[in-house]
Each structure stands twice: as structure tokens, then as C-alpha cells.
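A.B. asks: The lines below spell out each chain.
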Amino acid sequence: MTVMSPAATDRTPAKTPAGGSGSAVLRALLRNKLAVVALAVLALLLFAALFAPLVAPYDPNAQNLLLRLRPPAWQDGGSGAHLLGTDQLGRDMLSRVVYGSRVSLLVGAGAALLAGVVGTVVGLSAGYFGGWADRALMRLADVQLAFPSLLLALAIVGFLGSGLWYVILVLGFTGWVSYARVVRSEVMSLRTRDFVTEARAIGVTDVTIMRRHLLPNVTAPLATIGTLHVAAAIVAEASLSYLGLGVPKETVTWGAMLSDGQLYLGTSWWVAVFPGIALMFTSLAINITGDALRDVADPKAYRR
Amino acid sequence: MTLDRPTPGPHEDREGAPPLLEIDGLSVDFRLDTSVVHAVRDVSLDVRAGETLAVVGESGSGKSATALSVLRLNPSPPCVYPSGEIRFDGRDLLKLSEKELGRVRGRDIAMVFQDPMTCLDPLQRVGAQVAEVLRHHTGVSRAQAKEAALAALDEVGIPDPELRYRQYPHELSGGLRQRVMIATALVARPRLLIADEPTTALDVTVQRQILDLLVTLQHKHDMAVVLITHDLAVVAETADRVVVMNQGRVVESGGVLDVFDHPADDYTRRLLAATPRLEAA
Amino acid sequence: MTTEATDAGAPEADRVLLRLDGLRKEFGTRATTVAVDDVSLDVHEGETLALVGESGCGKTTLTRLLLRLLEPTAGSVSFDGRDLTTLSAPELRAVRRQMQVVLQDPHSSMNPRMRISDIVAEPLVTHDPEARGRRARARNRERVGELLEAVGLDAGIQDRYPHEFSGGQRQRVSIARALALRPRLLVLDEPTSALDVSVQATVLDLLADLQRRLGLTYVFVSHNLAVVAQVADRVAVMRGGRLVEVGEATQVLRAPRHPYTRQLLDAVPALDPRKGRRAAQRAASPAAGADR
Numbered sequence: 001m002t003v004m005s006p007a008a009t010d011r012t013p014a015k016t017p018a019g020g021s022g023s024a025v026l027r028a029l030l031r032n033k034l035a036v037v038a039l040a041v042l043a044l045l046l047f048a049a050l051f052a053p054l055v056a057p058y059d060p061n062a063q064n065l066l067l068r069l070r071p072p073a074w075q076d077g078g079s080g081a082h083l084l085g086t087d088q089l090g091r092d093m094l095s096r097v098v099y100g101s102r103v104s105l106l107v108g109a110g111a112a113l114l115a116g117v118v119g120t121v122v123g124l125s126a127g128y129f130g131g132w133a134d135r136a137l138m139r140l141a142d143v144q145l146a147f148p149s150l151l152l153a154l155a156i157v158g159f160l161g162s163g164l165w166y167v168i169l170v171l172g173f174t175g176w177v178s179y180a181r182v183v184r185s186e187v188m189s190l191r192t193r194d195f196v197t198e199a200r201a202i203g204v205t206d207v208t209i210m211r212r213h214l215l216p217n218v219t220a221p222l223a224t225i226g227t228l229h230v231a232a233a234i235v236a237e238a239s240l241s242y243l244g245l246g247v248p249k250e251t252v253t254w255g256a257m258l259s260d261g262q263l264y265l266g267t268s269w270w271v272a273v274f275p276g277i278a279l280m281f282t283s284l285a286i287n288i289t290g291d292a293l294r295d296v297a298d299p300k301a302y303r304r
Numbered sequence: 001m002t003l004d005r006p007t008p009g010p011h012e013d014r015e016g017a018p019p020l021l022e023i024d025g026l027s028v029d030f031r032l033d034t035s036v037v038h039a040v041r042d043v044s045l046d047v048r049a050g051e052t053l054a055v056v057g058e059s060g061s062g063k064s065a066t067a068l069s070v071l072r073l074n075p076s077p078p079c080v081y082p083s084g085e086i087r088f089d090g091r092d093l094l095k096l097s098e099k100e101l102g103r104v105r106g107r108d109i110a111m112v113f114q115d116p117m118t119c120l121d122p123l124q125r126v127g128a129q130v131a132e133v134l135r136h137h138t139g140v141s142r143a144q145a146k147e148a149a150l151a152a153l154d155e156v157g158i159p160d161p162e163l164r165y166r167q168y169p170h171e172l173s174g175g176l177r178q179r180v181m182i183a184t185a186l187v188a189r190p191r192l193l194i195a196d197e198p199t200t201a202l203d204v205t206v207q208r209q210i211l212d213l214l215v216t217l218q219h220k221h222d223m224a225v226v227l228i229t230h231d232l233a234v235v236a237e238t239a240d241r242v243v244v245m246n247q248g249r250v251v252e253s254g255g256v257l258d259v260f261d262h263p264a265d266d267y268t269r270r271l272l273a274a275t276p277r278l279e280a281a
Numbered sequence: 001m002t003t004e005a006t007d008a009g010a011p012e013a014d015r016v017l018l019r020l021d022g023l024r025k026e027f028g029t030r031a032t033t034v035a036v037d038d039v040s041l042d043v044h045e046g047e048t049l050a051l052v053g054e055s056g057c058g059k060t061t062l063t064r065l066l067l068r069l070l071e072p073t074a075g076s077v078s079f080d081g082r083d084l085t086t087l088s089a090p091e092l093r094a095v096r097r098q099m100q101v102v103l104q105d106p107h108s109s110m111n112p113r114m115r116i117s118d119i120v121a122e123p124l125v126t127h128d129p130e131a132r133g134r135r136a137r138a139r140n141r142e143r144v145g146e147l148l149e150a151v152g153l154d155a156g157i158q159d160r161y162p163h164e165f166s167g168g169q170r171q172r173v174s175i176a177r178a179l180a181l182r183p184r185l186l187v188l189d190e191p192t193s194a195l196d197v198s199v200q201a202t203v204l205d206l207l208a209d210l211q212r213r214l215g216l217t218y219v220f221v222s223h224n225l226a227v228v229a230q231v232a233d234r235v236a237v238m239r240g241g242r243l244v245e246v247g248e249a250t251q252v253l254r255a256p257r258h259p260y261t262r263q264l265l266d267a268v269p270a271l272d273p274r275k276g277r278r279a280a281q282r283a284a285s286p287a288a289g290a291d292r
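Chains as they are written, first to last, in full-length UniProt numbering: chain A, 1 to 304; chain B, 1 to 281; chain C, 1 to 292.
I should point out that these hints are in silico values taken from the structure, not numbers from a laboratory. C-beta: ideal position from N, C-alpha, C; glycine also. This list has only true hints and no planted wrong ones.
Per the computed footprint, the stretches of chain C lying under chain A, defined by three or more beta-carbons under 8 Å from a beta-carbon of chain A, are:
| no. | segment |
| --- | --- |
| 1 | 89-98 |
| 2 | 107-114 |
| 3 | 119-130 |
So, partial list: chain C residues that the calculated Cβ filter (under 7 Å) puts toward chain B:
| no. | residue |
| --- | --- |
| 4 | VAL268 |
| 5 | PRO269 |
| 6 | PRO273 |
Please put together the full structure from these sequences, using the hints given.
C.D. replies: Below, the structure written as C-alpha cells:
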């Protein structure tokens, strides 16, 4: 019996649904008001990215040199035709922000997925097998961490050339360490739990133990790091694009827009500020969702 | 000892003396998000100086919640006390302010828990933790506190107290840690000791030593002891009187001989029957 | 469980099912500690052998060795006459079917993310190719239902998760899982130590009943001598990695030969308020405290 809440945990009938099942997590998530707002922002963003040609009023690359640096509609000189104004080449800001979400979300999700898969495989193997496998893989992680990841990304993009898939690859392969570390430490404590011992006594193979008994029990921390990594990757992509090393010029990205806009900050603030706001709200919404996920994804959280 | 005449226990000699601790109609609720758990319902019990009262029950019986209520150590929220009084020396502990209660905790009433590792600060030396209780409650000098702490470690049968005083909890065995916990509890000379499953985590030979130690120290200091346990054999070994709890209620109470010889309640009988005996072989 | 098992009948007397011979296990590379030191022991078919000792005596390591979850530093384990240390991986899997384990803590012995049906069926799915895949599902459910009923649970709980059950119920699920492959030997590692006494009594009754019906052999690890007295045919006492005494339960518990066994027995609190320190104290000074 625990010392602190003796009878409470013992006698509460456990009527709650199974910990960790998808619908239960979603229901718990919806009880958190801030998370609901964040999820709504993300849904809106996803919609905009998927249906950009329908949402955006103009072609994001269509130039109109007669309408350069027009302010947003609510400022003097602005017009309803360009709600968020235009940039230095007369391109519609709203359309560019909408199209920019495509690259951001694709890079963020792609990099997080890739890093998650690599990191999970490394972490599971290191934590479960221990010994020399663990030492080797964790030294590799140390080496990886010793490189500043943005500089590494710069070097690789500079070497391989720019392109959307290269950016995803680079951000994916520089981000796996945090997944591997967390999975490894979780697995090391799970490994000694009785249900893993029992599975081994039954004769379940190592690969099956990892897949059936270990992986489902590390999904909660994985989901949390995953969402945070999506946000980090989006910002990293923006940094690369800002430096002109991200995706090609004709692809609209928030980072490149920020980079373009900083020249005009003194006179035409909107060119840099709108992509900046989009970037900030996206990463904020993802981070809030990640925190909320961490709070609810623990199966023990349902027990009371 | 003669069997035709019940052995007079200390409490029988003190029938006239007022009880040191008197719990009267106590209820404890845990208010959770969607439900209320009535952990303790209308529980009354009392204990006099020099006497050991065992509160026995299984998990969910409310025995620990009752014990923790005395010093209001149940986590609150979600814990509330909808009714009842806990009188110690005539004062209702449930009505004291946190500050007033702080003066009672550790000084008049001390507790010993099941798992000493979670109660001892892993980053502080053992001796400092024993001495701190004394400094907190009496304001004696550092040197005096150290001297008293060393004496307390010695009293609970810790060999080479000077050495142990300087060690950290992880350097001690489970039995030694429990002795340190007891030293910490007793250094300020409390009048009531509440021991919550003090030997459950220990090996049987160590359990024997700790139970003997508790009995000896109680006798020496004329202390009242409330012993919370799930083990009827431990009750038989140490208690003067027994309170049997089940699902938050007291189902039976009385002198230890009466309860073991003539259990009145069905639950007590079942518990006695379910307890394995060495003589079964 | 099933009908064919009921005629397992009386086990052949004195047939050795499990033999440990000179088992030794060291841990650590530089400063080695010896967890199990030269342990030799026979377990006979159909009996309950209790392995008792205090924490750190090596009894847990010994069970891991006999289940071949750990490699012994020296010595051998043979099951039904076959030396496990020499078996190939597929042969070892075949032997594993016949020896199953139930561990102490019913809260950690089940994957919290798996349903009861998958937990109990795991040995079947692992060892029987025909139990895999979608088509086998109905048959597995039926088998799991039988197993759950055999341990006194409702067959309808299959779709629920471990945290919905009490410790005693979970321990029954653990036992059902251990029985899934119709093993001959069960290693019970402190199977009732985490349970309330009244629940413990029912689980012990269940184990005795299953042993009678299925002709099972038990290695029952426990620190609780009173429980051991209730279940054991023979008792092995361990201390510091070594066996200090092995014998018939009545002999070991009533007339111990080794001083350590006697020390253990003396430490067990008696369920009798007329014995023990407090009683002695009351008798010695009837007016204890009153004259102060």
C-alpha cells in the first residue's frame, strides 16, 4: 500500500477505458482548453496547406511590380484585394503565407518521422540488448551531438545542393539522438519489469518483445518528443531558408520570406512580420499540443 | 503466566486514566474528479500511555488513512474530513492550524513508515537527519543535538553510531535504515508513536529485531504506540489491544486475547483463518 | 481446465523432473560477486519444492538460472533428463513449453497495453504457428476462456485491460497464462507476497487444486515460512547463494538441522498473543507502567 494516498487508489473502481487507446487520449486531450485551441490552429493550418490553391487568392509567385510593398488592408494605402499587403515584387502576402505552410509542415513532419524511426530503432536496440551494442550506439549519439546540428545541416546542404528532400533528410538524421536517448532509458527500466521477464520465459523472441512489449510502452514519450521536434524542424528549415540554403528560390517558405522581408523592416514591416507570426503560432501550437499529449498519454493518468 | 486469570495488561491498570489519543467518529473522504471515496467511516478508537494498539486490516480497509489523519498527513486535496474529532491530550488535532500542528508533529506524535528509503533524504547524512528533528523542535545547540542524535542511534541498537552518523542512507541495509527511522521518530521523546507497517518491507529475522526494539523502547519511555499492520501474527506479537478494520469501518475491537480467542466478527474470523501458520506443516 | 488433463493421475513417485547440478552464477567482470554457489537439487514430478531464504540469498537468481533466462557460470540444469545447457535454440523452445513461471508482482507482470485475451494467449501464439493469424482468433478466444475459467475468472473479461483488475485477479490471469501450454513445471516466484491475506488464501487454494487436477510440479519460492508450511512437500533453505538445508517439509520446519533454519523459524511471529516479547513483558511486570 502506498503511504500517501492509501485507500483512494485501492478502492476506486477502475471504470475508465484502457490507458493509451487512441480515443481515450483524444478525449482527455479535449478536456484541456489550451490544447483544443492549439489543435484548432493546427487543423486550420493543415487545411490551408492541403488546399492552398483553393484558399490562396493569388498565385504566390505572380509578380506585380505596379503594386510593390502595399500595406495590409487596414492600413492607409492598403486594399481589400491584398488583405495582408504585398512584398517587394508585388506578390500577395496572404497567398505566400498560405503556400509557405506546405513546406513548413512537410519538412517538420518528414524530419520528425525520419528522426523518430531512426532514433526509436537505435534506442530500442541499445536499451534492450545493453552491453557493447549499447555502448557503441550511445557513443555514436555523443558524436552526433558534438556537431552543432545547424552547422552540419549547412555543410550537407551546401555539399549536396538545396532541395526539399535534402532538407528533410538532413534535419531527420541530425535529430534522432533525443529520441534514441529517451527510448533507451525507458526501455532500460521496462526491460527489468516482470512482464518482459515473463515473455522471455515463455520463449518470445527478442524482436517480438521489442515490438509487442516495449514499443507500445514508449509511445507516450515518443509522441511528445515527436511534436516538439516537428516545431524545431520547422524553425530549423526557416533558418536554412533564411540563410538561402534551404529549398530552391521558387518554392515559397516562411524562412525565405523572413529573409527577404528584413531589408524592408524599417519601411514595410508586414513583409517580414506575417511569415514570422505564422511561424511562431505554428510552433507554439505544436508545442502546446506536445505538452498536452505528454500529460494525457500516460496510461496511469486515467487510473483515478 | 496463568491461564485461568487473564493477564492484566497495562491498560487495565489504567482504566481510570484518560486516553492519550482518542479518535471519535472520524470519517475521511477522498474527493476525486468524478467520485468520492469514503476511505474511513465513523471510526472511533483510543490509546493510553504505555499501551500498544494494533489497527489491523487489508488493503483498502482505511487503516493507513486513519493513521495519517492523526497528523493530517493525507494529501489534501483530495482528502477531506467531513466529521469526527481526533483528541490528543484533550485538544482536537483536526481543528489546529498548520502551525500549531507543526509543533505536535515529530515532538508529541511521531511516525514510522514502511519504506525508510522514501522517508530519508538520500542527499543528507543520517546523523544530520536525526539531529534536525531535535533542532527543529527544541532549539538546542548543534553540539547538543549531535550528542542526542548519537545517543538515539545507540539506543535503537545501531552499532558504531559515530560511523553511521556520517553515512548516507544508501550505505545502510534495510534493517539499519528502519532503525534510523525509529531513532528519528524517538529522538524528541514523543508520547505517541504511530508505526505504519514498520516491518512489512523487511526480512523475517530483521522484522523480529525491529519488533523487539519497538516493544523495548515503548516500555522504557512509557510511550503509546499505534501499530498499523496487515499481519495478525505481528499483532499477536506486540499488541495490547486490537482494532480490526474492513472497508473503512471498525468491525471489531478489544483486548488482544479476547479478539484472538473469541473473535466476534465474521471478518475477523475469516482473517484469522486465512493467516498461514507455521504449525500447518 | 480441460477434461483430458484430469486423468493425469498420481505422478510416479520419485521421478526426477528437474535436476540442478553444481550450479554457480557470478556477476560482474572485475569484482565478481557469487549469487549462486554450487547448488545441486532434485525436484520430483508432482511435488511442491519450496525454496526459502531472505532477500539477497540468491533465490531469484536461482529461478532465472533454472528457467535459462541467465547463463550459469558453471554447472547444469536438466529437465526430464535433458541437459538444458546443451540444447539448441529450437530444442530449448520445446522444453520451455513445459516449464512456465508466475512472478510476484501482479502489477508489473502484465503489459499494461495488452488486453487480457492477448496476455493469456501469448504463450500459444509464441509456440504454436496455428494459433497465429486472424483465422486462429476464434479458437484462441475459446482457449483463453477455458483457461480463465480454470483459474476461477469469468471468460467474458477477455477484452479488458490489466489495470481494471485487483491484485488477486491479476495473479489468477498470470496463472492462466502460465497454464496455457499445459506445462509440467511451474516456477512460482513469491506468487502471493503482494496479496492481502484473504486473497492469498484463495490463490493458494487454487494452486493446490490445479496441482491435484493437472499433476503439476511446483518450485515455490517464498520468504514466508508460514506460507511454505502450508504448501510445501519439501523445503530447500538458501543463504548467501548456497543451500544450507534440504529435506521433507515436516522435518525442516519442525526439526531443523541447520542453525540458520532454526534462526529463521524462531523469527516467524506466532499467531498467538500468549507468546512473544510483549506477552513476556506483561507477564514479567503485571503492573507495567502503572507504578510510575
